[in-house]
Amino acid sequence: MTGVLLRARQVTRRFGTFTAVDNVSMHVQPGEVVGLLGANGAGKTTLIRMLLGLLPVTSGGVELLGGPPDREHRCRLGYVPQGLGLYGDLTVRENLSFSAGAYGSAEPELPPALAGRADVLVRELPLGAQRQVAFLAALAHSPEVLVLDEPTSGVDALARAALWDTIRGQAEHGAGVLVTTHYMQEAQQCDRLLLMSNGQLVAQGSEADIIGATTAVAVRTGDWAQAFAALNAAGAPVMLAGRAIRVANANPGELQDVLKAAGIQAILQPVPATIEERMLVLAREAGSS
Amino acid sequence: MTYSVRSATVRFGHVLALDDVTVEVPAGSVVAVVGGDGAGKSTLLRALVGEVALDSGTVEAPPKQRLGYLPASSGSWAALTVTQNIDFVAGIYGLAGDELTARRRELLDRASLTPAADRLAAQLSGGMRRKLGFVMAIVHRPELLILDEPSTGIDPVSRIDLWRLASEAAASGAAVLMSTTYLDEAERAAHLVVLDDGKILVQGSYDQVRAGFAGVVTQTAEPVRAEWAWRRGRVQREYWPSAGPPPGATTVAPDLEDIVIALSLARRNAVLS
Amino acid sequence: MIVKEFRELVRDRRTLGLLIMMPLLLLVIFGYAANFYVSSLKTAVVGPQATQVAATLPSFFDVTVTQPSGTKADAETLLQDNKVDVAFVTGQTPVLALVNGSNLFAAQSAVAALNKAGDKVKTQVLYNPDLKTSWVMIPAIIGLILTFIGTIITSIGMVREREAGTLEQLAVMPIKPSRVILGKIAPYFLVASVDMVIVTVLGIVLFGVPFNGNPLAFALGAAIFLFVTLGLGVFISTISQTAGQAIQTAFFFLLPQILLSGMIFPLEAMAAGVRWIGYLLPLTYFTMISQGIMLRGAPISSLWLPFVVLTVMALVVFTGATLRFRRDLAPGSPASPTRKRPAAAETVSAA
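Protein chains in written order, with numbering that gives the first Met the number 0: chain A, 0 to 288; chain B, 0 to 272; chain C, 0 to 350.
Calculated directly from the structure, the hints in this document are not laboratory data.
Treat each hint with caution, since some may be false.
In the EDC-like style, the derived pairs of lysine to aspartate or glutamate whose C-alpha atoms are separated by at most 20 Å in a straight line are [unchecked claim]:
hint : chain 1 : residue 1 : chain 2 : residue 2
1    : C       : K3        : A       : E62
2    : C       : K183      : B       : D86
3    : C       : K3        : A       : E71
4    : C       : K115      : C       : D129
5    : C       : K183      : C       : E160
6    : C       : K3        : A       : E106
7    : B       : K63       : C       : D129
8    : C       : K3        : A       : D164
9    : C       : K3        : A       : E93
10   : C       : K175      : B       : D108
Please work from the sequences and hints to get the whole structure.
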């Protein structure tokens, strides 16, 4: 099926006087992996719940596979929540048979990694394996849309790569995937990114679009601990990358003054900013407003 | 003062959680332990803290009075406010009166938690709750600070805050040991330890780890040997431990993620063969 | 859905045990214990014609004490000390029959039997002249409430730390396990004590239940009993992983006490095979104390048995629970296999 799989049109959600999602418009198309980024409280979970039809909108419209997000349309959706949605006291096979029954699909085959553990209770599995089972359960009915909430949190590098293999594989088969993640390296694996802050969609597009006009300065000095302390004390948005200190949206001259006052010698160099730095700047703006 | 576990082995039933692991944590530095779920990170940290007894090996750790611990689970009491949480823990460590008030204010400020001082812990976001747990672990200026996955599942901005707090602690002289699944955090540490299935895959500073890495990593659209390849972004990467890659293959300078995955694969494939 | 629920139930051994064992237990208990009819009454006969009168009494009255030299005061003491259910005082006409009103069913049976004797006997019911059920039940209910609070709520309180993951932190901090336990129990001790005072006062005010004995002795008995129930609460918390399990286990300890402590069915009426269970239950002994003090104004000396038993129980339960708890906090206890993942446990502020 061609056409947009998920769409939010100027969606707003209010809880009393609190606006959790503010006039957000976005979409997911077949074959693409869209990453949804944002700090806690930015509104990501609320937006997802509206897209899935679990929460009504206050204003605006939501479309799932061209229609309202009701049970009929949700049949063609695969959802893996952060808590995985598995029954810890059932085995792998039993979990899969339950969700297959619920969706009316055939029970999926187990990949070699899990084949030997089909009768192990899910709660006894390591987290990476649990996530794999959750994925299998969500994919068994060949959904056209996948919504994944932090799919690789807490998982090691190798297992993470394997999970992304599955995600990419689904996209290549034509499904559309919406992923939320706190892992910036995963943001780079997505085709398109959405950045939310304080309920609003502040940026969308490629990594460069998300970073926007944020700048960064790298501070190289032998005395990194002192420099870090001095800049932090001065209120600069400081970050660490290896032994180098990075400061976002900073004026190199001002930084140099602070460092000189603390008696620290350093070389300052403008560098390309990262997504994290954009988020750091947004957080500070939100905090001060 | 360097704290450590040496030749530590821990068994839970028939599962070997730690296999002859030696890790040192010198004062004034941050040591990061990396590994997936089940690798043994938590067991290692709990052994150092005294929660888990070793089947063999030794532990050098300060007494409870000089130890700070942030467990993988919540780390704070949900029904108490931020201030009450800190006061409770500080009281157990013997802090009281003006000294306690001053210390509490200082820590809340450093962790950017001051506006939430009277909020219930249950109402804090994940990142703030973790920072509260951190403050509680450090309120008594411990000599050894142990953080179990402090940043897992936490938003990037809070993660930066936590890292900053940990570095500050190290800069003030504490020995800091933290476990993480985020490789970018491990890269920043003075010393990193990669655990896999209870064994140490590699350890050292990032530079040492990179220098000591043997073999070549290539980037390709079609890997030659499936069991040595993994997906990275849109492409595949492949590890050649000893035999040379085919001519014309694109070599890449491996970063920590490549190294960790390559070494894990090497171990898996060695076990299987 | 049905299949899934069945599978989960089969794995949940504690619930399964409760669902299967409970009905069986209840059936057995009801079968053998439920008996309001007392088959024989312990009787004392005092006074000059003691021996003759004793000989003429029907077998229903099981004469255990014959005291020709005894007086009415001696008879009353015997009743107050709960040594007999009925005491006949001879030496005057008609013979005086004093009935222990604090043993309700025994008393009812006694009165029924004595009424058949007509004018030959003058019946006087002591301690509970109107044979009110409430007067007998309320002292027992006070104990039940203490049991309820002591056991159930403590077990939740302790298990909450384990579920929240904060138990780990307590284990690592320089705080002694015994202090943790005492700190945990103190609020519940206070709450339970206040509750007890309220219920006692209400019982006296609303139902007119007397309080004839020494309040300090009563308070002492209640305090010891509280220690037993709180100790049980701690113990339950050390063998439960979740609050759900804790409540189920607490319930399992609670139900027998309601049915077999003599609160509903009198102990004497139970078949011996089941009665011994009653003698293992703390509530049985507290009921002896509360009924004795409130209704009969009995002195501590006559209540030495329940006091001693409860004290021993308190020591045993508390020590056992503390040792188990200390074992949980100390190194060497294996990592709990069902640790919550930090990611999943992250609290939601993303409204």
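Now for the hints, and whether the structure bears them out:
For the given pair, K3(C) sits about 32 Å from E62(A) by alpha-carbon distance, which is inconsistent with the 20 Å threshold. Restraint check: the Cα-Cα separation between K183(C) and D86(B) comes to about 17 Å, which is no more than 20 Å; the hinted pair holds. Under the criterion of a C-alpha separation no larger than 20 Å, the hint pairing K3(C) with E71(A) is inconsistent with the structure, at around 23 Å. Of the supplied pair hints, the one linking K115(C) and D129(C) holds, its CA atoms being roughly 19 Å apart against a limit of 20 Å.
For the hint pairing K183(C) with E160(C), the CA-to-CA distance comes to about 10 Å; that is within 20 Å, so the pair holds. As the CA atoms of K3(C) and E106(A) are separated by approximately 15 Å, the hinted pair is consistent with the 20 Å bound. As the CA atoms of K63(B) and D129(C) are separated by approximately 64 Å, the hinted pair breaks the 20 Å bound. The suggested pairing of K3(C) with D164(A) is violated, with an alpha-carbon distance near 30 Å, which exceeds 20 Å.
Under the criterion of a C-alpha separation no larger than 20 Å, the hint pairing K3(C) with E93(A) is consistent with the structure, at around 8 Å. Distance check on the hinted pair: K175(C) and D108(B) sit about 31 Å apart at the alpha-carbon level, beyond 20 Å; violated.
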